[in-house]
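Hey, can you work out the whole structure from these sequences and the hints?
The listed protein sequences correspond, in order, to chains P, D and B. All residue numbers for the first sequence refer to the numbering used here, where the first residue is 10 and numbers rise by one. All residue numbers for the second sequence refer to the numbering used here, where the first residue is 12 and numbers rise by one. All residue numbers for the third sequence refer to the numbering used here, where the first residue is 462 and numbers rise by one.
Think of the hints as simulated: they come from the structure by calculation, not from any bench. The beta-carbon is built from N, C-alpha and C at its ideal position, and this holds for glycine as well. Nothing false has been slipped in among the hints.
Listed next, with one range per pair, are the computed distances between beta-carbon atoms: (1) B:S552 / P:R422: 46 to 54 Å; (2) D:D26 / P:K150: 51 to 59 Å; (3) D:L107 / P:K78: 50 to 58 Å.
To spell it out: a stretch of chain P is covered by chain D in this simulated footprint if at least three of its residues, at any positions, have a beta carbon under 8 Å from a beta carbon of chain D; those stretches are: (4) 188 to 202; (5) 353 to 360; (6) 365 to 372; (7) 393 to 402.
Capping the alpha-carbon separation at 25 Å, the derived lysine-lysine pairs in BS3-like fashion look like this: (8) P:K125 / P:K192; (9) D:K143 / B:K526; (10) P:K198 / D:K82.
Chain by chain, the residues:
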Amino acid sequence: MEIKLLSEHYSNPKFCELAGYEAFGGYKVLKTALTMQPQQIIDEVKASGLRGRGGAGFPTGVKWGFLPKNGEPRYLLCNADEGEPGTCKDRVMMEKAPHQLIEGMIISGFAVGSKKGYIYVRGEYFHVIAILEQAILEAYKAGFLGKNILGTGVDFDLDVYSGAGAYICGEETALISSLEGKKGQPKLKPPFPAVQGYLRKPTIVNNVETLAAVVPILRDGAAAYKKYGTEKSAGTKFFSLSGNIVKPGNYEVPLAYPLKDMIYKLGGGLRPGRKLKAVIPGGSSAPVLTAAEAEVATLDYECMAGMGTMLGSGAIIVIDDSQCMVDMLAVLTHFYSHESCGQCTPCREGTGWLNKIVHSILEGRGRLQDIDLLVKVADNMKGRTICALSDAAALPVLSFVTKFRDEFEFYVREGRSKVKGASHAQMHH
Amino acid sequence: MPKCTINGKEIEVKDGSTVIEAMHDQGIHVAHYCWHPGLSVAGVCRLCMVDIEGMPRVQIACNTTVTEGMKINNTSQKVKDAVKWGLDFHLINHPLDCPICDQAGECGLQDQYMEFGKYDPEMAEKKVKKHKVMDLGPTVVLDSERCILCSRCVRFTKEVSQSNELGIFNRGDHSEISTFDGQKLDNNYSLNTVDICPVGALTSKDFRFRQRAWYLKEGNSICNGCSTGCNIKTYFNKEGFFRVKPVYNKEVNGHWMCDDGRDLYKFVNRDHRYLKASHRQESGWSQILPGAAAKEVSTHVKAGGEELALVLTGQYTTEEYEKIIGIFTKDLKTKNIFHWVNNKESFEAFDNLLIRGDKNPNTKGLLQVFEKNQISKTWADLETSLKAGAIKTVVVAGPENLKFYKDLDAKVQLFSQAKKVIWLQTAKHPALEKLPINSWIIPMKSFVEKEGSFVNYKGLSQKMNKVTTIVSEALTLAEAAELMAGHQISIKPDTHILTDADRPLDQVMSEHRKKNEFVFKRGTV
Amino acid sequence: MSVVQRDGETRKWYLLGVLGGLWITGHHLIKNLFNRKQMITLNYPEEKYEYSPRFKGNHVLTVKKDGSLRCTACMLCATNCPAECIRIVASEHEDPSVEKFPISYEIDMLRCVFCGFCEEACPVDAIRLGPEWQVPGLCGDNFIYGIDRLAYRPQLKGGIQSFVDDEERHKAGI
Numbered sequence: 010m011e012i013k014l015l016s017e018h019y020s021n022p023k024f025c026e027l028a029g030y031e032a033f034g035g036y037k038v039l040k041t042a043l044t045m046q047p048q049q050i051i052d053e054v055k056a057s058g059l060r061g062r063g064g065a066g067f068p069t070g071v072k073w074g075f076l077p078k079n080g081e082p083r084y085l086l087c088n089a090d091e092g093e094p095g096t097c098k099d100r101v102m103m104e105k106a107p108h109q110l111i112e113g114m115i116i117s118g119f120a121v122g123s124k125k126g127y128i129y130v131r132g133e134y135f136h137v138i139a140i141l142e143q144a145i146l147e148a149y150k151a152g153f154l155g156k157n158i159l160g161t162g163v164d165f166d167l168d169v170y171s172g173a174g175a176y177i178c179g180e181e182t183a184l185i186s187s188l189e190g191k192k193g194q195p196k197l198k199p200p201f202p203a204v205q206g207y208l209r210k211p212t213i214v215n216n217v218e219t220l221a222a223v224v225p226i227l228r229d230g231a232a233a234y235k236k237y238g239t240e241k242s243a244g245t246k247f248f249s250l251s252g253n254i255v256k257p258g259n260y261e262v263p264l265a266y267p268l269k270d271m272i273y274k275l276g277g278g279l280r281p282g283r284k285l286k287a288v289i290p291g292g293s294s295a296p297v298l299t300a301a302e303a304e305v306a307t308l309d310y311e312c313m314a315g316m317g318t319m320l321g322s323g324a325i326i327v328i329d330d331s332q333c334m335v336d337m338l339a340v341l342t343h344f345y346s347h348e349s350c351g352q353c354t355p356c357r358e359g360t361g362w363l364n365k366i367v368h369s370i371l372e373g374r375g376r377l378q379d380i381d382l383l384v385k386v387a388d389n390m391k392g393r394t395i396c397a398l399s400d401a402a403a404l405p406v407l408s409f410v411t412k413f414r415d416e417f418e419f420y421v422r423e424g425r426s427k428v429k430g431a432s433h434a435q436m437h438h
Numbered sequence: 012m013p014k015c016t017i018n019g020k021e022i023e024v025k026d027g028s029t030v031i032e033a034m035h036d037q038g039i040h041v042a043h044y045c046w047h048p049g050l051s052v053a054g055v056c057r058l059c060m061v062d063i064e065g066m067p068r069v070q071i072a073c074n075t076t077v078t079e080g081m082k083i084n085n086t087s088q089k090v091k092d093a094v095k096w097g098l099d100f101h102l103i104n105h106p107l108d109c110p111i112c113d114q115a116g117e118c119g120l121q122d123q124y125m126e127f128g129k130y131d132p133e134m135a136e137k138k139v140k141k142h143k144v145m146d147l148g149p150t151v152v153l154d155s156e157r158c159i160l161c162s163r164c165v166r167f168t169k170e171v172s173q174s175n176e177l178g179i180f181n182r183g184d185h186s187e188i189s190t191f192d193g194q195k196l197d198n199n200y201s202l203n204t205v206d207i208c209p210v211g212a213l214t215s216k217d218f219r220f221r222q223r224a225w226y227l228k229e230g231n232s233i234c235n236g237c238s239t240g241c242n243i244k245t246y247f248n249k250e251g252f253f254r255v256k257p258v259y260n261k262e263v264n265g266h267w268m269c270d271d272g273r274d275l276y277k278f279v280n281r282d283h284r285y286l287k288a289s290h291r292q293e294s295g296w297s298q299i300l301p302g303a304a305a306k307e308v309s310t311h312v313k314a315g316g317e318e319l320a321l322v323l324t325g326q327y328t329t330e331e332y333e334k335i336i337g338i339f340t341k342d343l344k345t346k347n348i349f350h351w352v353n354n355k356e357s358f359e360a361f362d363n364l365l366i367r368g369d370k371n372p373n374t375k376g377l378l379q380v381f382e383k384n385q386i387s388k389t390w391a392d393l394e395t396s397l398k399a400g401a402i403k404t405v406v407v408a409g410p411e412n413l414k415f416y417k418d419l420d421a422k423v424q425l426f427s428q429a430k431k432v433i434w435l436q437t438a439k440h441p442a443l444e445k446l447p448i449n450s451w452i453i454p455m456k457s458f459v460e461k462e463g464s465f466v467n468y469k470g471l472s473q474k475m476n477k478v479t480t481i482v483s484e485a486l487t488l489a490e491a492a493e494l495m496a497g498h499q500i501s502i503k504p505d506t507h508i509l510t511d512a513d514r515p516l517d518q519v520m521s522e523h524r525k526k527n528e529f530v531f532k533r534g535t536v
Numbered sequence: 462m463s464v465v466q467r468d469g470e471t472r473k474w475y476l477l478g479v480l481g482g483l484w485i486t487g488h489h490l491i492k493n494l495f496n497r498k499q500m501i502t503l504n505y506p507e508e509k510y511e512y513s514p515r516f517k518g519n520h521v522l523t524v525k526k527d528g529s530l531r532c533t534a535c536m537l538c539a540t541n542c543p544a545e546c547i548r549i550v551a552s553e554h555e556d557p558s559v560e561k562f563p564i565s566y567e568i569d570m571l572r573c574v575f576c577g578f579c580e581e582a583c584p585v586d587a588i589r590l591g592p593e594w595q596v597p598g599l600c601g602d603n604f605i606y607g608i609d610r611l612a613y614r615p616q617l618k619g620g621i622q623s624f625v626d627d628e629e630r631h632k633a634g635i
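Encoded structure:
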């Protein structure tokens, strides 16, 4: 069942304006939060068990605690560079409730002691940028942003920054590089952004959903938020359902919601006559689950990790039995080879190599040893680079090849798809 | 001073040093391309993998700081596999055009493949095509296909030369090094990018295709281009010198040297040198052997007394100065010793990296010897006494490196006021043909052909060894001084000679053979 | 060569050895006189011996389709040459896809030992040992062959093309 903690009023078109937002109790939490001690807010967020909703699932309160305790200027960045294939939750959140994000950011900024925040929006979301800019303008006029917010002496400025469409800029250090005006490439860690980030100052980077979730946590209290989900995966989360499904869309459900229910109840099941073949549970970077695994999986960090995959950004891609896995993998490998920043050798060369191997199988030039080679290359890209893009490229390959090896072998032997019966050239002409 | 264990051996390292530095200091060879001790850490080649106890994955040594009690290992199978695959990733799109690549023989890819790789390549796909033979500027040529994008050159222009000409453009496996729009890689240190390039992507226009690396021998020396005194490595064979590279010296030049210094090997080669002494008589120039010439002039020099003057430039070694000044003051009883300064007004110039205005390698050394022998004559004294005819014989130790001695014509005219001019000179210069009747030009050895020391701008005396002999008849300043004073000296015959005269007579002396000399004698260089 | 020393009395009776040798010579003389068809000597230079196609004779530099030299001046042949008889001077080519080429390539035939190492070292099939073996010349200079002689001598009728084709190599992604 959906729990609409954040998306309660999303259906109301007025909710995206300041007046409409305030009518539903907006900015009330801000007023109480500003009277609290920053440490109190951090403790509350820690107690709520909120984990980063961008993909890694790192506890937000703990992340905030990494900031140095001195009075050094620091930055709060909102990662709205939603590039993971299959994910579209942040877009909806920013379209429907920009003030929710702004309120969350002001509170978070106050909690971590930051006076300046940026929302780094994906380049393709230009209409979202317009909505955000309008909302920020309204918030400034109403005195929620700027100097001396609501007379409490707290300052917080907020700006929107547009990315240029690179997937890698969703990685926090690449996002910081891009924001600094440099080429969007991940930076070496250590130093971590919490110590040396944007303009070499301590920086916190949080996802849109994470920052917005701060509002209901402070409104209802950590205990109320923790009611949803499990002990380790607390609260609600947006899931973007897509693929071969009847009702694709964004659904807010408590964590540990069964994947089966997500597909068959909320998503309306598969199209008639089709059988479930596989599910990618957390965006294209997450290893694929077979139909049998999807039956028993629940949507929380622990269960997913136990199954060798991850919750990621919560983009559930449903694949039915009409899809050719070789063809699907070719799309993914092409995506990652196109989006690799080219900094680290294993990723730069490895993503291209994987893409070429998969395409040579598709074009009928594959050899049986190429399937093992795919595994070997992917294995050796994993964990060898600065950022996680190399892992993100390798994991789908590994899971596709190991779980659907028969399809790959059939393609190599016959030169055509086991599912579609046609070769790549026939399918695309 | 944290203690750590590297490959089972406990060592103590400097505070804040990274694992790769610690291993480097221990002499443990770690595979790497992007790490360079003189540049910031990029951590992009992903080759310097080490196993650290307690960490599930292999870590890069260049960005991991050593902490107390860290247990580091780079000999495990896990590390070896990681390095092997790291190399494989570097090589899958490499064009392997080693036959026409200048770097072949000293290439990081070749070396590290032999050391850490030795696998059967499995890449069966088409390679990525990129730009070849890109003209980056007046000194450097880029081949993007060979480039492994270690970003050393980019970091060099950013951090060391601070000229920021280079950048990496495009993404993924289409990334390429290039210059920013409308800019050329044109700074005084551009050739350092060629040195630090671990592969053959950046090649020097000057050296391009002139020799294969394995035909060259190496010899260390000191650059005589300016008073910084950069430590250099010269590359030569029987055909002469081909290039110069810097040698790390923390006190002097760090890892780098300037482009001007790299040009200086040229005047050392035979084509630019005086091979025989010349004597100008009424009938014109006649050639004699340098030793004989020095003996010939000794009668004039010895007769000189107060009418004898010695002019020195700051381009000889301290030992030579001591010898010649000793002989002139004690045996020849003259105090007329002068320091020829070329561009005094710009002596203090400094570009905040290496290049200094004083273009003589040993001005300090010369002044020290002057002080020791209480010589205080100024250039004005020389000019007045020459004008007055008080000086009849001038011995000039001319500059080796003529690049910054633009006024040689004027100086030749000045010295011509004396009756006899004995000019000791290494490299040819047309101005010297205008020397008056009764003058001698005696060929000198260049800085790579002799032992001695240079005292640099901050008083640091650096000893250098002889690299090779190019003109075997040429004299050092010390030998010339002895001979001019009429002393008998014995010059040991040199085994490294480059003259035709030393060849056995029964050999075919055709033009073809002369050209082939290098190949024929290669084994005996 | 090893010399076998036989001890004993027969060593002193060398006449026996001489006669034995004469017998072999006489045997062949008589055999050849009466069976001239199977005689193994040739009436050189009127008659010439057919060597096998693998014969390692004078060098040939192969050319590309457009007639230019295939050699890239990598100097591997010169490096590999045990007789040190190859001398190459490399230069930069106008065409960037060629990049490096020899402006001078000389082989001193009198030094050459025809071992074929140059052929084996060559990465681009640019040098081969051909069938020619008679090398007349009046002085030492005549035996130093340059590019004109090695690649374009009239006997080669415009040069020998190598098997490898550049375009095909490029198409294959090499």
